[in-house]
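*Asks:* For this one, chain A is given, so just place chains B and C on it according to the hints.
Protein chains in written order, with our numbering: chain A, 1 to 336; chain B, 1001 to 1341; chain C, 2001 to 2329.
Everything labelled a hint here was simulated from the structure, so no lab data went into it.
Treat the hints with care, since some could be wrong.
[Unchecked claim] A few chain C residues facing chain B, derived, Cβ under 10 Å:
(1) G2239
(2) N2261
(3) L2298
[Said to hold, decoys possible] In silico EDC-like links for lysine to aspartate or glutamate, alpha-carbon gap of 20 Å or less:
(4) K203/A - D1174/B
(5) K57/A - E302/A
(6) K203/A - D2243/C
Each residue gets a CB set at the ideal place from its N, CA and C atoms; glycine is no exception.
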Amino acid sequence: MLNRREFGMLGAGLAMSGLAPRLAMAKDSGFKIMMTPKWTGFPYFELTGDGAKAAAKELGDTVIYAGADHAEVSLQVETLQNFVTQKPDAIILAAIDLNAVAPVLVDARKKGIVVATYDADAAVPARDFFCNQLSYEQAAKLMLDCALIDVPEGGEIAFIAASPTSPNHMAHIKIMTELSQSDAKYKVFKPVDTQFAADDDAKSYDVAVNLMQAHPNLKVIISSSAVSAPAAARAIEASGHVGKVYATGFALPSAIKRYLENGSQKAFGFWDPFELGYVVAYETHMKLAGKFDPSKVGATIEVPKANATFTAGKDGEVVYGKPLIFTKETVGKYNF
Amino acid sequence: MSNPSMPAPAETAPSRNLIQFALRLREAGVVAFLVLLGLAFGLLNDRFLSVQNLTIVASSAAILAIAACAQAVVLITRNLDVSVGSMMGLTAYLTADWAATHPGITPFEVVAIALLIGAALGAVNGLLVAYGKAPALIATLGTMSLYRGFTYIYAHGQEVTSSRLPPWMLTSVDARIAGVPALVLVAIAVVAAVAWFLYAYPLGRRIYAVGSNALAAWFFGLRSERVVFFAYTLCGLLCGVAGLLYAARVGTVTVVLASGWEMSSLAAAVIGGVSVSGGSGTVVGAALGAVVLATIDNGLVLLHVPEFWRMFIQGAAIVAAVAVDALIAEAIRRSTGGRRR
Amino acid sequence: MASRAKRQWPFWEIALVVAIFAAGAWSSTLSPYYLSVDQLFSSTRAFIIPGLLALGLAVVVSFGEIDISLTSTLAVGTVALSKFSAAGAPLYVAAPIVVLICGACGVFNGVLVAKWRLPSLAVTLGTMGAFRGLAFIVGSEVGYTDFNDAYSWLGSEYLFGGVVPASLVLFAIAAIAVWFLMHRTVYGRRCFSIGLNPDAAWFAGVGVIGVKIAAYALAGAFAGLAAIVWIGQYGSARGDNADGSILFVVTAVVLGGMDINGGRGTISGVALALFLLGTIRNGLGLANIGGPTQTVVLGLLLVGGVLRPAFAAALARLRRPVESADVGA
Chain A
1 MLNRREFGML GAGLAMSGLA PRLAMAKDSG FKIMMTPKWT GFPYFELTGD GAKAAAKELG
61 DTVIYAGADH AEVSLQVETL QNFVTQKPDA IILAAIDLNA VAPVLVDARK KGIVVATYDA
121 DAAVPARDFF CNQLSYEQAA KLMLDCALID VPEGGEIAFI AASPTSPNHM AHIKIMTELS
181 QSDAKYKVFK PVDTQFAADD DAKSYDVAVN LMQAHPNLKV IISSSAVSAP AAARAIEASG
241 HVGKVYATGF ALPSAIKRYL ENGSQKAFGF WDPFELGYVV AYETHMKLAG KFDPSKVGAT
301 IEVPKANATF TAGKDGEVVY GKPLIFTKET VGKYNF
Chain B
1001 MSNPSMPAPA ETAPSRNLIQ FALRLREAGV VAFLVLLGLA FGLLNDRFLS VQNLTIVASS
1061 AAILAIAACA QAVVLITRNL DVSVGSMMGL TAYLTADWAA THPGITPFEV VAIALLIGAA
1121 LGAVNGLLVA YGKAPALIAT LGTMSLYRGF TYIYAHGQEV TSSRLPPWML TSVDARIAGV
1181 PALVLVAIAV VAAVAWFLYA YPLGRRIYAV GSNALAAWFF GLRSERVVFF AYTLCGLLCG
1241 VAGLLYAARV GTVTVVLASG WEMSSLAAAV IGGVSVSGGS GTVVGAALGA VVLATIDNGL
1301 VLLHVPEFWR MFIQGAAIVA AVAVDALIAE AIRRSTGGRR R
Chain C
2001 MASRAKRQWP FWEIALVVAI FAAGAWSSTL SPYYLSVDQL FSSTRAFIIP GLLALGLAVV
2061 VSFGEIDISL TSTLAVGTVA LSKFSAAGAP LYVAAPIVVL ICGACGVFNG VLVAKWRLPS
2121 LAVTLGTMGA FRGLAFIVGS EVGYTDFNDA YSWLGSEYLF GGVVPASLVL FAIAAIAVWF
2181 LMHRTVYGRR CFSIGLNPDA AWFAGVGVIG VKIAAYALAG AFAGLAAIVW IGQYGSARGD
2241 NADGSILFVV TAVVLGGMDI NGGRGTISGV ALALFLLGTI RNGLGLANIG GPTQTVVLGL
2301 LLVGGVLRPA FAAALARLRR PVESADVGA
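Just chain A, with the same shape it has in the complex:
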């Protein structure tokens, strides 16, 4: 026969078990996050995947990283649709076309899935937040700063972007052009041309060669696309324009190490993709755990491993904002 104490404990136990499912829903770990890049097989994106997985491991979540092998819109939408079917807690993606992915992502959000974008944004209603590696202004200034390192006295500059429909590249170019007209520091530069290379190396190479041909006084080729910058550097080297024309912009250090070391190029910019992946997964986890609400402008989140605190801005944009400049002296420090 149960005495009063035991009876009380039994009652409490029953009450707790009734509460338990609801308590378990307010969990703060063990989330399933699915991640897809623009296309797999590109080291930059693979590193972001690794970073996200590292964050997940620390926080007790799982990250599944998958995607198509080339950047095709319909394939990315298909991948996202398959993600949604698998009922994850969150989806992270780098969108190829910001509008084409909107229908499936809006649907995902309706189902309670948290959607985060990084590297390339989707339409605002389609995602909970956008972890922008650099704000467009930061990116533009970074590239122009690198150009200043190359040619402090200024001159003609030209831009290479992936396509007229890549929002980040076009935004960079627009801001760089504005800065070159309005900001005293960058007034020395005069943009003369913009060409598109579809993130293809051979095309970037040919485009760079053609740019140098079309503009004999060209001083710097600035490329937002991490595929085009090394190709442009190669083109400069191959066509014997070393020292007369410089290539800069965004590139993985491993891709431009050679040109920095042999002195044909002076500076490139980028950010740490591993850390970017880590941060976006961390932020996603915090949102899922209810500890971070990016819809509130000014909400902050601290990421210890990144030694930084990030703030949510307008339209859910959380800028990661840690630009890096690689020069001959610093490029050896990085292993990506």
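*Replies:* Relative to the frame of chain A, chains B and C by itself:
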């Protein structure tokens, strides 16, 4: 059947001379088109006809010329190969990776590896089409996916960056001999060698025979399977060369290297007068077709024509080239008393 | 030869059906999410657009030609729709006109191939670039996304209680219509006869040129329909829509048993092949198996499918060694 402009040859083959003349005419057509283009661009932009610019055009055409040559060899046998881009990519990646992980490697070894891998890949295509009797489009569509997929799986998300490649690989491609880029010289040598082979050697002639009239070739006792197999293997070999040069030229070897080049090589060959129905056209023509494409691209950039117009113009150029080619072919057929199809 | 062709078709389709079930079974072991009615139906959306293109292409392939410009025609269609949408035109005005425009693109191909007798691969290689360039020029670089609900209905709506995509219904209607056209009408028979023996067909009085141009027009019109579905499914009209997916369309047609040289094949085979490809893609995708592996599987399927006649012939030769005359084989 007499033609006043031709000398009266021996009774054995009056129409053969006319055909030779017409074949030469086809090349002349492409050359004429090229000259016209050059003049037009030269008039519109004074920088076009400079030696420096023409060298650039030649350099960017060089690798495509070799790929077009590869495609032409297969086209002449009345087949095609849409795995050209994937073969280039896989060969380039495997060779570059090998070179990066074996630092003491010699140029000879690198080239040999590229040739071997390319030939092997082409041989698989040859087996499927010649002996497996698979339709060329489908078989090479399948191998296109297989080869590209394998490149991905092998690469594991890596790319071979320029700093890992042996430096001589990059510098040798940039080198100039008497002001002409080494790349262009290699391309000319390769195309000339293949053209000579097709013209002077029996096996080369058989490639034409099988393509122009397979039934007659069979009656002659030609083993068409062997010829087609050889054509595909040669195509793969040439793709190996092209892939290697591509990797050295651009410096970074990615998994998507040369994707889409099957279409470009086909376009170049078609513009160059190689008939898709086999049996006619030359590899020199295909190489010239590559030059035409590079010229259009270069000229339009110099003229600041937006990207999209280029796409449109290149597509229109292909249609125009095919139409002209068909007109010539029809003229030949009619004058040699061929049957209306 | 015709009777051997007849005996061959059901065999291939039965093989496809078996393959579909096998792929489905395998997919359900790969992922627990596979076997749900909702999922299965909504996964069909991934291949309805290529499916519509494949139906049109199948008609062209039936007489031995090809059309690789269909994806570019689709882009022309989406861009044209964007112009109508921007001008505020209602869908019932825009849609038929766009289908006509795309059909006209098809007629252009058809005239070049049928009347001028240019090789279809080369011609459509050219128009592939030209049409896409045209789509970019007209559509401008940024693209257009402000489609209202009426325009998006076909590609995004679900019918029958929110389960069956409206575009799937369209595809079913289209597939049945094309099947009827190719296998139950004189036109279809003319197509196949041209494929089997162009000279005989011509001598028999078949209007070869008219048949071919009509087929190209049909393929173009289907690309226009696919464009309408595209708008609803992806919500964006840009010059690079569907760029690069023509090879998937060709794969579906070829895997469906259509002889690439013309004269043989069935529309039901093409539809089944689409389902098979869709099932495999869906199953692999749900198991998060990477794109490259999918590409390899696709390649193996093609190569395997293409070797099937060779295997069958080799088996036949083994069974009747005396009878087989080694005619140059």
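*Asks:* Tell me the numbers of any earlier hints that the structure contravenes, in ascending order.
*Replies:* Hint check: nothing fails, all pass.
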